[in-house]
Amino acid sequence: MRRGFLLAPLWLWLLLFVAAPVAVLAVMALATPSDGVPPFTLGLRFAAFAMLVEDGYYVEALFSALRLAATTAGLCLLIAYPMALGMAGVRPRWRLPLLAMLMLPFWSGFLLRIGAWIGLLRDEGLINRLLRGFGITEAPLPLLYTEGAMLVGMVHAYLPFAVLPLFTALVRLDPALLEAAADLGARPARVFFSVTLPLTLPAAAAGFLLVFIPAAGEFVIPELLGPPEAQVIGRVLWQEFFQSRDWPLAAALGLALLALLILPMRWFQKLEAEQ
Amino acid sequence: MKPGGFVRAAMWAGFLFLWLPILLLVGFAFSADRIPFQWGGFSLRWFGALAANEKLLAAAWLSLRIAAASACLAVLLGGGIGFVLARFGPFRGRAMFGALAGAPLVLPEVVIGLCLLLLFVAMEGLIGWPSGRGAFTILLAHAGFGAAYVAVLVQARLAEAERSLEEAAMDLGATPLVAFRSITLPLMAPALMAGWLLAFTLSLDDVVIASFVSGPAGTTLPIALFSMLRLGLTPEVNALAALVVLGVGAMLGVALWLLGRRRA
Chain V
0 MRRGFLLAPL WLWLLLFVAA PVAVLAVMAL ATPSDGVPPF TLGLRFAAFA MLVEDGYYVE
60 ALFSALRLAA TTAGLCLLIA YPMALGMAGV RPRWRLPLLA MLMLPFWSGF LLRIGAWIGL
120 LRDEGLINRL LRGFGITEAP LPLLYTEGAM LVGMVHAYLP FAVLPLFTAL VRLDPALLEA
180 AADLGARPAR VFFSVTLPLT LPAAAAGFLL VFIPAAGEFV IPELLGPPEA QVIGRVLWQE
240 FFQSRDWPLA AALGLALLAL LILPMRWFQK LEAEQ
Chain H
0 MKPGGFVRAA MWAGFLFLWL PILLLVGFAF SADRIPFQWG GFSLRWFGAL AANEKLLAAA
60 WLSLRIAAAS ACLAVLLGGG IGFVLARFGP FRGRAMFGAL AGAPLVLPEV VIGLCLLLLF
120 VAMEGLIGWP SGRGAFTILL AHAGFGAAYV AVLVQARLAE AERSLEEAAM DLGATPLVAF
180 RSITLPLMAP ALMAGWLLAF TLSLDDVVIA SFVSGPAGTT LPIALFSMLR LGLTPEVNAL
240 AALVVLGVGA MLGVALWLLG RRRA
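These protein sequence lines map, in sequence, to chains V and H. One point on numbering: in numbering that gives the first Met the number 0, the residue at position 274 of the first sequence is 273, and numbering is uninterrupted. One point on numbering: in numbering that gives the first Met the number 0, the residue at position 114 of the second sequence is 113, and numbering is uninterrupted.
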């Protein structure tokens, strides 16, 4: 069959570079760390998984990652809703420039934006200098390397992902429904809570997951903005791999993170399929 | 319905939150002071310092080459995958094919990076290829990641377009290959272009996957930036940000202008 000429190389690529790596991850999780290069010997050992379950440090890392991801996604939705409402409410010709304004920060470099927050939040940073300049504080407030700095950085990085699905859903929303509710005497807040919100709930869920899923494995922002004790799973995996050179443990951590994310991923795919 | 004053204010507050750090970062690039985010008079000295920083320039050049090459490979693969998903109808293993094609979109970056590194190590052990890790393994990793995004764009674009055009061409005697070249490919073109740009930027922006699959010879710009930012911020980073933001802004401005002109 002719189609085989196209399908065969694509299958080969997908099996080799998507399916095989996950299988290799599972094999690695069962191996034994060693001092060689590469630092492992293959085997069938469940020690890495046992360590995950028994050592509270790793369990806590998984949960703190999920907490961080959920908080980030919740805050993003809270900010994204009014933004999406505002963007959907402007005259159609202004929508594209506003969309561009939403996405341009995303194109401006993830690390550079984190750099901006470092410049704002560090002890000699702009915020602390302003606070001292106005005589509000005398000593610099410790802002950088805190939970707050980490959250601000996360929300700043992921906010556009929460706005986009909401914006799309709000633009598609039939204005007649909103007008009908208003004609029947509902105040704007009432219209929002009894018409707009229920109708855009699937989009809100999609936006939440679009932030939650990548945020759960985030490494860079906790590392550059967060406190040393913010040991989320992405950071712990990184340290086990690069510093402790315990590849089997890192692989087991990766599998654990995947297992925790399977439900949110399936939910997201269901939402996507329904749209 | 017109949004109320609260919604308007909240929207602009949101945009301010997104933009203020970036604008400050860009603005202070023109400050002479050696401390970032401190105004010391207008100066271009940090652009000069950036131009003299050979390590960073080499990293940027490597990143640009990897991004361009991986975006091309991503367009080839992702274009094929999107086309198959939109036009092939049911075939054996289609569900599996779709799931594998979409997996890189949802897998956490640390997991993708670790998985691919382990794959490259295993392949080197088994067949001796790719030998060692560096720019080439980053390119492969980024292509796989970018292809997933390209496939989504192409599939959506083809789902929108009527199939009847291709059928009409074939009814009129065009071979499937000619129909593909003269109808389907032009239909896919905007999605392929958008996909190339997306894959290009994703590659330029990636630090996590690249860190896993790169060797000592594969220091890309994000990897170099990341190790700089670990030690704090320097005014050179401001200068770099100014170049990136002004460059991207100019490109976007031209794109919007072209779009507006075509519509008018």
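Just so you know, these hints were derived from the structure itself, not from any lab. A virtual CB, placed ideally from N, CA and C, is assigned to each residue, including glycine. A portion of the hints provided could be inaccurate.
Said to hold, decoys possible - Covered stretches of chain V (chain H as the covering partner; in silico rule of three or more C-beta atoms under 8 Å from a C-beta of chain H): (1) 5-14; (2) 45-58; (3) 127-135; (4) 243-252.
Cross-check of the supplied hints:
{"no.": "1", "hint": "5-14", "verdict": "holds (count 8)"}
{"no.": "2", "hint": "45-58", "verdict": "violated (count 0)"}
{"no.": "3", "hint": "127-135", "verdict": "violated (count 1)"}
{"no.": "4", "hint": "243-252", "verdict": "holds (count 3)"}
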